[in-house]
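Heads up: the protein sequence lines correspond to chains F and Z, in order.
Quick note, the first sequence lines up with residues 35 to 262 if you use the working numbering.
Quick note, the second sequence lines up with residues 6 to 192 if you use the working numbering.
Treat the hints as calculated values from the structure; they're not laboratory data.
Honestly, I wouldn't trust all of these hints.
[To be verified] Pairs of lysine to any residue residues, derived as SDA-like cross-links and limited to a Cα-Cα distance of at most 20 Å, are as follows:
(1) Z/K181 / Z/H107
(2) Z/K181 / Z/L114
(3) Z/K145 / Z/E103
(4) Z/K189 / Z/K50
(5) Z/K187 / Z/Y126
(6) Z/K119 / Z/I188
(7) Z/K15 / F/L110
(8) Z/K15 / F/L162
(9) Z/K15 / F/M201
(10) F/K164 / Z/K15
(11) Z/K171 / Z/Y126
(12) Z/K15 / F/L242
(13) F/K169 / F/F235
(14) F/K159 / Z/W88
(15) Z/K113 / Z/W88
(16) Z/K50 / F/T256
(17) F/K164 / Z/S13
(18) F/K159 / Z/I18
(19) F/K159 / Z/L22
(20) Z/K15 / F/L161
(21) Z/K15 / F/K169
(22) F/K164 / Z/S16
(23) Z/K142 / Z/F160
(24) Z/K15 / F/F233
(25) F/K230 / Z/G122
(26) Z/K15 / F/F235
(27) F/K164 / Z/I14
(28) F/K84 / F/T238
(29) Z/K142 / Z/A111
(30) Z/K189 / Z/I117
(31) Z/K119 / Z/S153
(32) Z/K110 / Z/D136
(33) Z/K110 / Z/T155
(34) F/K159 / Z/K50
(35) Z/K15 / F/G163
(36) Z/K171 / Z/S147
(37) Z/K15 / F/T238
(38) F/K159 / F/K169
(39) Z/K110 / Z/Y126
(40) F/K159 / Z/S16
Given the structure is predicted, the values throughout are model-derived calculations rather than measurements.
The residues making up each chain are set out below.
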Amino acid sequence: MILTKNSLFTLLLLVFSSSCFAHGVDSNTEHFLTTNEGSAIVPFLYIGAKHMITGYDHLLFLVGVIFFLFRTRDILIYVSLFTLGHSFTLLLGVLAQINMNVYLIDAVIAFSIIYKGFDNLHGFKLLLGKEPSTKIAVLIFGLFHGFGLATKLQDFDLPQENLISNMIAFNVGVEIGQCIALLFVLTLLGFWRRHKSYFAFARTSNTLLMTGGFVLLGYQLTGYFTSL
Amino acid sequence: MNSLPKASIKSLIISCLVSIVLAIVILLIAVLPAEFNIDPTGLGKKLGLTVLAQSADEAVKAAVISCPEEPKSTEGQTAAVAWPDSVMITVPAKKGLEYKFHVNKADKLEFIWKTDGAALYFDFHGEPQGDTTGYFKSFKESTQSESSGTLVAPFTGSHGWYWENKTNHAVIINLKTRGQYKIKGLM
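If we strip away everything but chain F, and leave its shape as in the complex, we get (with noise of 0.2 Å):
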């Protein structure tokens, strides 16, 4: 039997790795992304709808983001400007080639969950006497997010050919599992709001997301001064 030094080469960098990435891209997918030659739409659609969907600080800035989102039609909105904040800097990252330090970027995605845990205890109005535009807020998040995702891809030195259609095909699987993850959380919060417990535990709710984020952040800044 004949492998490639390159297959085992993977292998090798599959079972020696896997612990090095925050999350979301584990030591399969990471597999397929560097054997990958040409272009797997339906494979890329579920890399990006399995790293949101697994992206624990994703979701925790967008339950941070919905918490006080009771109508439809504000949710769609907020949610629509993450989306077009995240894509325009996946699309940008990856295309251009921007090199940003991974551990950086999940800092500044960690401090955005610590931001919007803040906001909804109404931290800025007390403290500033006003709120700074959520819908600017969220979609500034977006990008980084989105710069985020693209860091964590360009890892892989991911083939130039077909790498739009690629791209794509992962942008639009992100967005998949965004809704996904957005119908759990919307269900699981909608019963929680009909008890008036929703109010009552809000602020614990939002103290201890920003915990998360604290932790996050914590977590991230390590990673980066230890890899200095």
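Place chain Z on chain F using the hints.
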């Protein structure tokens, strides 16, 4: 919308402090020890979390222990002469590694290896020296707990094993070799 009961500066500060303190505690006790082997409180070690942070790299470096010379009994001496190179290789749980020799064309590499119990997936293969096409030839691929034989190198290059440990605990291989080769060791 956006109804939070009794929002005040005081409750905001409490929320912020609680979340920061909670995050610091989680980081110090769990995340930093488990992810980075940074353990300022010593609790991570007590809880066994720092084990998670020992990278595969370190584990592999620590894994090869050259065997001390065989005991000085006559029998031992023959054994040592019989197998001049003997090495213990630890394959960590759920990991794979390669151990290679440089062998010239038509030279012999005699080998015998045995694990401390569990069967490992392995691929015994060779890569021609200076080859850049990525070609390599597999001599034997199987899942066993021991194997022995003689390789007559079909070409000059790097020959050896890739072992993969699919079990949940580390497996130690004792590999003994003799013949005409240069040890390249763990790759």
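Right, here's what the structure says about each hint:
1. Using a Cα cut-off of 20 Å, the hinted pair Z/K181 and Z/H107 holds, with the two alpha carbons roughly 15 Å apart.
2. Note on Z/K181 and Z/L114: the hinted pairing holds, with a Cα-Cα distance of about 10 Å set against a maximum of 20 Å.
3. Straight-line distance between C-alpha atoms of Z/K145 and Z/E103 comes to about 14 Å, which keeps the hinted pair within the 20 Å bound.
4. As the CA atoms of Z/K189 and Z/K50 are separated by approximately 35 Å, the hinted pair breaks the 20 Å bound.
5. For the hint linking Z/K187 to Z/Y126, the alpha-carbon distance of about 24 Å lies beyond 20 Å, and the restraint is violated.
6. With a C-alpha separation of about 18 Å, the suggested pairing of Z/K119 with Z/I188 holds against the 20 Å cut-off.
7. Taking the CA atoms of Z/K15 and F/L110, the gap is near 34 Å; set against the 20 Å cutoff, the hint is violated.
8. Of the supplied pair hints, the one linking Z/K15 and F/L162 holds, its CA atoms being roughly 15 Å apart against a limit of 20 Å.
9. Only pairs whose Cα atoms come within 20 Å are accepted, and Z/K15 paired with F/M201 is rejected, the gap being roughly 47 Å.
10. Restraint check: the Cα-Cα separation between F/K164 and Z/K15 comes to about 17 Å, which is no more than 20 Å; the hinted pair holds.
11. With a C-alpha separation of about 8 Å, the suggested pairing of Z/K171 with Z/Y126 holds against the 20 Å cut-off.
12. Distance hint between Z/K15 and F/L242 is fulfilled; the C-alpha atoms sit about 17 Å from each other, no more than 20 Å.
13. At most 20 Å may separate the alpha-carbon atoms for a hinted pair to count; F/K169 and F/F235 exceed this at roughly 25 Å.
14. Taking the CA atoms of F/K159 and Z/W88, the gap is about 78 Å. The hint is violated against a cut of 20 Å.
15. A C-alpha spacing of about 14 Å is found between Z/K113 and Z/W88, which places the hinted pair at or below 20 Å, so the restraint holds.
16. Between Z/K50 and F/T256 the CA atoms are separated by roughly 18 Å; this keeps the pair inside 20 Å, and the hint holds.
17. Restraint check for F/K164 and Z/S13: the C-alpha separation of about 14 Å stays at or below 20 Å, so the hint holds.
18. Using a Cα cut-off of 20 Å, the hinted pair F/K159 and Z/I18 holds, with the two alpha carbons roughly 13 Å apart.
19. Distance hint between F/K159 and Z/L22 is fulfilled; the C-alpha atoms sit about 18 Å from each other, no more than 20 Å.
20. Taking the CA atoms of Z/K15 and F/L161, the gap is near 11 Å; set against the 20 Å cutoff, the hint holds.
21. Annotation: proposed proximity of Z/K15 to F/K169 is violated, straight-line Cα distance about 27 Å (limit 20 Å).
22. Between F/K164 and Z/S16, the direct Cα distance comes to roughly 17 Å. Compliance with the 20 Å bound is thereby established for this hinted pair.
23. About 10 Å separates the Cα atoms of Z/K142 and Z/F160, which keeps this hinted pair within 20 Å; it holds.
24. The straight-line distance between the Cα atoms of Z/K15 and F/F233 is roughly 18 Å, inside the 20 Å bound, and the hint therefore holds.
25. At roughly 60 Å between alpha-carbon atoms, F/K230 and Z/G122 are farther apart than 20 Å, so this suggested pair is violated.
26. Taken as a hint, the Z/K15 and F/F235 pair is honoured in the structure, with Cα atoms around 17 Å apart against an allowance of 20 Å.
27. This hinted pair checks out: F/K164 and Z/I14 have alpha carbons roughly 14 Å apart, not beyond 20 Å.
28. Taken as a hint, the F/K84 and F/T238 pair is broken in the structure, with Cα atoms around 29 Å apart against an allowance of 20 Å.
29. This hinted pair checks out: Z/K142 and Z/A111 have alpha carbons roughly 15 Å apart, not beyond 20 Å.
30. For the suggested pair Z/K189 and Z/I117, the alpha carbons sit about 17 Å apart, so the restraint of at most 20 Å is met.
31. Between the alpha carbons of Z/K119 and Z/S153 the distance comes to roughly 9 Å, so the proposed pair stays at or under 20 Å and holds.
32. For a cut-off of 20 Å, the pair hint linking Z/K110 to Z/D136 stands: about 14 Å separates their Cα positions.
33. Between Z/K110 and Z/T155 the alpha-carbon distance is near 14 Å, which keeps this suggested pair within the 20 Å criterion.
34. With a C-alpha separation of about 43 Å, the suggested pair F/K159 and Z/K50 falls outside the 20 Å cut-off, and the hint is violated.
35. Using a Cα cut-off of 20 Å, the hinted pair Z/K15 and F/G163 holds, with the two alpha carbons roughly 15 Å apart.
36. This hinted pair checks out: Z/K171 and Z/S147 have alpha carbons roughly 13 Å apart, not beyond 20 Å.
37. Taken as a hint, the Z/K15 and F/T238 pair is honoured in the structure, with Cα atoms around 14 Å apart against an allowance of 20 Å.
38. The straight-line distance between the Cα atoms of F/K159 and F/K169 is roughly 15 Å, inside the 20 Å bound, and the hint therefore holds.
39. Of the pairs offered as hints, the one joining Z/K110 and Z/Y126 is violated, with about 27 Å between alpha carbons and a cut-off of 20 Å exceeded.
40. Taking the CA atoms of F/K159 and Z/S16, the gap is near 13 Å; set against the 20 Å cutoff, the hint holds.
Figure legend: structure checked against the earlier numbered hints; hints not met, in rising order: 4, 5, 7, 9, 13, 14, 21, 25, 28, 34, 39.
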